[in-house]
Every structure is written in C-alpha cells, then in structure tokens.
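Asks: Starting from the given sequences, assemble the full structure and let the hints guide the process.
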Amino acid sequence: MKFVDGSWELVTGGQVPVKEGTEAELRVPAKSITDQSFLRKMTQEGAILILAIGTPLRALLSPKDRSDIPDEVTQHLLPIADIRKQIGLLASPERFASDSCFVEVKLSGPTDAQARHLEFKDGGLWLIFEGAVPTDLRSSTIELPAGVASEGAISLNHAFTLLSEVYEPWRKAHTGSVYERFYYLESDGKWYPLALLRDAGIAQQEQKIAKDLWASFLARCKAR
Numbered sequence: 001m002k003f004v005d006g007s008w009e010l011v012t013g014g015q016v017p018v019k020e021g022t023e024a025e026l027r028v029p030a031k032s033i034t035d036q037s038f039l040r041k042m043t044q045e046g047a048i049l050i051l052a053i054g055t056p057l058r059a060l061l062s063p064k065d066r067s068d069i070p071d072e073v074t075q076h077l078l079p080i081a082d083i084r085k086q087i088g089l090l091a092s093p094e095r096f097a098s099d100s101c102f103v104e105v106k107l108s109g110p111t112d113a114q115a116r117h118l119e120f121k122d123g124g125l126w127l128i129f130e131g132a133v134p135t136d137l138r139s140s141t142i143e144l145p146a147g148v149a150s151e152g153a154i155s156l157n158h159a160f161t162l163l164s165e166v167y168e169p170w171r172k173a174h175t176g177s178v179y180e181r182f183y184y185l186e187s188d189g190k191w192y193p194l195a196l197l198r199d200a201g202i203a204q205q206e207q208k209i210a211k212d213l214w215a216s217f218l219a220r221c222k223a224r
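For what it's worth, the numbering used here labels the leading residue of the sequence shown as 1, then goes sequentially.
Derived by calculation from the structure, the hints in this document are not laboratory data.
Do not take every clue at face value.
[As the list claims (entries may be wrong)] Calculated lysine-lysine pairs in the DSS-like style (CA-CA distance at most 25 Å, straight line):
id, residue 1, residue 2
1, 85, 106
2, 106, 190
3, 85, 190
4, 172, 64
5, 190, 172
6, 64, 85
[As the list claims (entries may be wrong)] Simulated restraints, written as ranges between beta carbons of each label pair:
id, residue 1, residue 2, range
7, 89, 138, 36 to 46 Å
8, 82, 115, 32 to 42 Å
9, 22, 66, 48 to 58 Å
10, 106, 200, 16 to 26 Å
We treat Cβ as the ideally placed atom computed from N, Cα and C, and that holds for glycine.
Replies: So this is what it looks like as structure tokens:
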C-alpha cells in the first residue's frame with residue numbers, strides 16, 4: 001500500500017475497498033525509518049518488574065480423574081467451585097470445566113545467572129520488552145508444592161509443565177499460556193490472570209515511549 005492524495009491505495013492500483021471508519025495496522029520495515037533516535041526507542045529492550053520475590057501465584061489446572069493423581073499432592077488442589085468468589089476474572093472460562101482447580105506456587109530466589117545480573121539479582125517476575133512489544137515473561141525460580149517435584153522450577157513455563165504432568169496426566173502436551181494459566185492476588189483480595197499485568201505493562205511502556213518521543217520533539221523545536 002502507499003499513501004496518495006490523502007488516501008491509501010494498493011500498490012497494484014486503485015483504492016482499498018473498505019468501509020469508512022475501518023481501522024488498519026500500518027507496518028513499516030525498520031530499514032525504512034530514517035530517524036535513528038526514533039528507531040532506537042521503538043526497538044530498545046527493557047524490563048519491568050511486575051511481581052516481587054515471595055509473591056504467591058496460582059496455576060489453573062484441569063484434573064479430570066483424581067484417581068490418577070498421587071494422594072500426597074491432591075491436598076494442594078483448590079477447586080474453583082469452592083473459591084469462585086475469590087476469582088476476579090477467569091481467563092477463557094469456556095476452556096475450563098467446573099471441576100478445574102488452582103494449585104498455589106511461589107516466586108522464589110533468582111537463578112545463578114540472574115543473581116549475577118544487576119537488574120534481576122533480587123528475584124521476581126519481569127515483563128521483557130522490545131520497544132512497546134512484550135517479548136518474554138521472565139521469572140526467578142518457582143517454589144512448587146511438596147511432592148510435585150524434587151526441585152523448584154526455573155521459569156513459569158517449566159513450573160506449569162511440572163504441575164501439568166502431575167495433575168493433568170491425561171494431556172498429550174503439558175504446555176499452556178502462562179498469561180492465562182497463572183493468577184496473582186490483586187489489592188482487592190481477588191485473583192486475576194497474569195494477562196492483566198501484561199496489558200498494564202504494555203500501557204506503561206507505551207506511555208514511557210510516547211513521553212520520550214514528545215520530549216525529543218520539543219527539544220528539536222527549541223533547537224530551531
């Protein structure tokens with residue numbers, strides 16, 4: 001597409017046949033951006049701490065048949081039906097049965113590699129960005145309930161895999177979206193999916209970039 005006389009046209013010719021008010025996403029290759037300062041701000045990597053070490057999290061699981069689950073770990077199951085009023089928002093509720101359960105875990109200490117990194121040395125959960133785009137959710141180690149695994153998990157994805165292998169043995173693949181599967185305790189006393197913290201982090205990062213770009217624009221104006 002190209003912008004011609006106040007409207008977007010297909011490069012093959014002719015106007016785009018869409019209704020008035022239609023929204024579109026414009027993608028520009030990085031090599032086409034001539035302002036290197038702007039490009040650096042839009043691609044710069046950063047990290048936002050969203051939860052501190054020691055924070056409890058709850059993993060949402062769907063154990064279909066508890067007879068396949070070792071007795072020593074069934075005690076850690078928190079049925080949704082029993083604590084429904086404690087849940088502020090259930091991500092993708094249509095995907096989970098009424099007998100789905102939470103299992104509580106905790107953000108524990110940093111890995112050896114994180115302990116050597118100034119930004120991550122204190123442990124916790126960080127949202128990693130490239131510009132305003134979230135690229136990763138990085139955690140320190142995860143403390144699992146007794147009997148689930150001999151050692152803690154090194155990431156949320158690892159924690160979910162270990163939990164799913166124990167509590168969801170019927171599944172062929174023990175993976176899932178950590179944004180939908182892990183919940184945190186909000187100040188209102190209810191549990192929400194990590195997707196909410198991700199969205200809040202995106203908004204925070206977008207505001208920061210917009211503020212920096214505006215400051216750069218004003219500085220250029222003053223220089224003239």
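Asks: Taking the numbered hints from earlier one at a time, note which ones the structure violates and give those numbers from smallest to largest.
Replies: Of the numbered hints given earlier, those the structure breaks are 5 and 7, listed in rising order.
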